[in-house]
Amino acid sequence: MKTPIAYFLIVSAALFTIGTIGVMVRRNALVMFMSIELQLNGVNLALVAFSRMHGDLTGQVITFFSLVVAAAEVVVGLAIIVNVFRRRRSTNVDDLSLLKW
Amino acid sequence: MLRYIWLVPALPLAGFVVNLFAGRRLGRAAGWLASTLMVASLGVAVSIGAELLSRPAGDRVAVQHLFDWIQVGTFRANVDLRVDPLSLTMILVVTAVGSLIHVYSIGYMHDDPRYGRFFAYMNLFCFFMLTLVLAENLLVLYVGWEGVGLCSYLLIGFWFERPSAASAAKKAFVTTRIGDTFMLVGIALVFLRLGSLDFSVVLSPSIAAVQPSGVFTVIALLLFAGAIGKSAQVPLHVWLPDAMEGPTPVSALIHAATMVTAGVYLVVRTHVFFEISGIALAVVIVVGLVTALYAGLCALGQDDIKRVLAYSTISQLGFMFLAAGMRAYAAAMFMLVAHAAYKALLFLSAGSVMHGLHGETDMTRMGGLRRAMPWTAVVMGIGALSLAGVYGFAGYFAKDQILTIASESGRVVGYVLGVLGAFLSVLYIGRLVFLTFFGEPRSDAAREAHESPAVMLGPLVVLAIGAVGLGLLEINIETGRLAVFLGSVLGAFESGAAGPAEAVLVVVSQLLVVGGLAIAWIVYGSGRVDWLALRMRLAGPKRFLKGGMYVDDVYSTALVAPGEAGSAFLAYVFDTDAVDGAVNGVGSLFQRLARTGRRLQTGLVRTYALAFLIGALVLFVYVGSRS
Chain S
1 MKTPIAYFLI VSAALFTIGT IGVMVRRNAL VMFMSIELQL NGVNLALVAF
51 SRMHGDLTGQ VITFFSLVVA AAEVVVGLAI IVNVFRRRRS TNVDDLSLLK
101 W
Chain W
1001 MLRYIWLVPA LPLAGFVVNL FAGRRLGRAA GWLASTLMVA SLGVAVSIGA
1051 ELLSRPAGDR VAVQHLFDWI QVGTFRANVD LRVDPLSLTM ILVVTAVGSL
1101 IHVYSIGYMH DDPRYGRFFA YMNLFCFFML TLVLAENLLV LYVGWEGVGL
1151 CSYLLIGFWF ERPSAASAAK KAFVTTRIGD TFMLVGIALV FLRLGSLDFS
1201 VVLSPSIAAV QPSGVFTVIA LLLFAGAIGK SAQVPLHVWL PDAMEGPTPV
1251 SALIHAATMV TAGVYLVVRT HVFFEISGIA LAVVIVVGLV TALYAGLCAL
1301 GQDDIKRVLA YSTISQLGFM FLAAGMRAYA AAMFMLVAHA AYKALLFLSA
1351 GSVMHGLHGE TDMTRMGGLR RAMPWTAVVM GIGALSLAGV YGFAGYFAKD
1401 QILTIASESG RVVGYVLGVL GAFLSVLYIG RLVFLTFFGE PRSDAAREAH
1451 ESPAVMLGPL VVLAIGAVGL GLLEINIETG RLAVFLGSVL GAFESGAAGP
1501 AEAVLVVVSQ LLVVGGLAIA WIVYGSGRVD WLALRMRLAG PKRFLKGGMY
1551 VDDVYSTALV APGEAGSAFL AYVFDTDAVD GAVNGVGSLF QRLARTGRRL
1601 QTGLVRTYAL AFLIGALVLF VYVGSRS
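Protein chains in written order, with this note's numbering: chain S, 1 to 101; chain W, 1001 to 1627.
Just so you know, the hints here were simulated from the structure itself, not pulled from any lab data.
No residue lacks a Cβ here, since even glycine has one placed at the ideal position from N, Cα and C.
Keep in mind that a hint or two might mislead.
To be verified - If you want a taste of the chain S side facing chain W, the calculated C-beta under 8 angstroms gives, among others:
1) Ile18
2) Thr20
3) Met24
4) Glu73
5) Val74
6) Arg89
7) Ser97
8) Leu98
9) Leu99
To be verified - Residues from chain W shown here face chain S by an in silico Cβ test under 10 angstroms; the list is partial:
10) Trp1531
11) Arg1535
12) Arg1537
13) Gln1601
14) Leu1604
15) Val1605
16) Arg1606
17) Ala1609
18) Leu1610
19) Leu1613
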């Protein structure tokens, strides 16, 4: 007996929502970063679940791509955060508002 | 020898090229080189003339094909040179007078810093003028026509450091361009309606059957408009008096002897069109008469010696058009030849006077020059007598013939007005001579005047011989040598028998000449009349005539002022407000938009994240609601 798709989707939506709220409310860049990872993984979970439901491997393939992109993004993002912290002694994103008008 | 027709224009062209590039290095030699080439060109022209004369009268046409020029569809214009009695007459005038004036210029332009360039331009002018008269089709003629206009512009403005010279050059160029534009339209119409531009095709008498005569009227009037501009006839005459800003040899060559007569040549050359039309001939007569009288009156009011001669030229050209309008083409051509001699002589003598007086041109500051400049006085006197039409001089035969034709063909009004014009010419030329050479010197420059060098006097003497002797060419319109010679091109002329006998007309004209000279002598030469007081009393009419009857002022009020106002509106209102306004408006619109829009960029990551979220939600709802 297969687990109903709804369960996967509920977990996926929960992960995504937690991630979204995390991005919106937290100001620490590292925490925001982790929240984004949560969002990504929520989406990945939904993709895998739908892939299984349809018996089509395309969703799982896309998930691999998504993981690779996320890894690359983490490398770049963490490097930026480390450098910003070294320079400004802070990871509070509200302090980093130089790129405005 | 007819194979060498091309040498006639090619020699001056060679002189132009050499003097243009090496004129400065050649120094004094530039003038001699240019003059030598002109004399060589004259020699070729003379030998061509001798060969043409040796042929039977019916066989005196030669066309030389130089090269194919334009061939598009049925349109065909080749560079061909045509020698027939008419063009031969013209090239002889151009090369002969041109040679003399070139030699004269060696003395006159002696101290000019742009000596080489002057001769380059003069040679270029002769090249274009010879191209004009030798052309076998209307398009090549037009090239020469515009070319002489260009040279006229360059030479009027030769002393361009003077603002008056620069603006006179511009005025001459623009004014003649008005006529030229009409002429170009006329040439286009000739091709459109008659299918060719070659003289051998379009000027055959059988062409009349091709199109209704109205077409020929339009063509003839358009071509005549070009002639009006080039020959300074009313109403496009305003440029010629101002053109006197140029060096005097230029005035003599371009604005008396050759270029301004191109209009007469054009009418005579294309007389077939004018005759088929008939109306066009009447227009030519009216314009010629009006111009002859108008310019004769204006010449009386001028104080500048060159401006008197300029108005005189306009008036004499009017006589030529009068003759052409009466179908007496040979008379027009003879007047052209004689006028080229005596008017060039008068201009060059005036130049000699100016040379002796260090550039003084105001006749009221001359006087008594016959003692200091005897040679100049004698030759200018001969020129004046020829212009006045004293019996035996070339000018007499030319002008009297035209008046006789007017009388014998029953044109009483034309005859009376013509005689009046001739009387005016006696008055103004008498005034000029008596003011300049008689009485007492009226300025220091006149007291210290000196005679000009031999290189200037030589050409004057030759021209003086021409001004007397050319009358031998043409004693009578029916049997005169020039008339018979030109007859193969222009057809024979049959004068009528209306009006009084010829002897009566001669007596009338000679009485007027003597009377006119006597009046001029009493007022300006005898010292018995205080003409300075007279001109004070007649200040109003004098100003009216001196200003050319205010035609210039009318033009500047009616044409120039609205033009300037329109340009000012376009430049300072339309351009700054509408054109620049549109450009600047678009710019400032985006600036204002950006000033508001950039507030969206807060720089806070969370704002952007929120925007993403809202956007994603909107998309989600939108996609959801559609399915």
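Tested hints:
{"no.": "1", "hint": "Ile18", "in the structure": "violated (14 angstroms)"}
{"no.": "2", "hint": "Thr20", "in the structure": "holds (6 angstroms)"}
{"no.": "3", "hint": "Met24", "in the structure": "holds (6 angstroms)"}
{"no.": "4", "hint": "Glu73", "in the structure": "violated (15 angstroms)"}
{"no.": "5", "hint": "Val74", "in the structure": "violated (17 angstroms)"}
{"no.": "6", "hint": "Arg89", "in the structure": "violated (18 angstroms)"}
{"no.": "7", "hint": "Ser97", "in the structure": "holds (3 angstroms)"}
{"no.": "8", "hint": "Leu98", "in the structure": "holds (6 angstroms)"}
{"no.": "9", "hint": "Leu99", "in the structure": "holds (5 angstroms)"}
{"no.": "10", "hint": "Trp1531", "in the structure": "violated (86 angstroms)"}
{"no.": "11", "hint": "Arg1535", "in the structure": "violated (81 angstroms)"}
{"no.": "12", "hint": "Arg1537", "in the structure": "violated (84 angstroms)"}
{"no.": "13", "hint": "Gln1601", "in the structure": "holds (5 angstroms)"}
{"no.": "14", "hint": "Leu1604", "in the structure": "holds (5 angstroms)"}
{"no.": "15", "hint": "Val1605", "in the structure": "holds (5 angstroms)"}
{"no.": "16", "hint": "Arg1606", "in the structure": "holds (6 angstroms)"}
{"no.": "17", "hint": "Ala1609", "in the structure": "holds (5 angstroms)"}
{"no.": "18", "hint": "Leu1610", "in the structure": "holds (6 angstroms)"}
{"no.": "19", "hint": "Leu1613", "in the structure": "holds (6 angstroms)"}
Violation of the numbered hints given earlier is confined to hints 1, 4, 5, 6, 10, 11 and 12; the remaining hints are satisfied by the structure.
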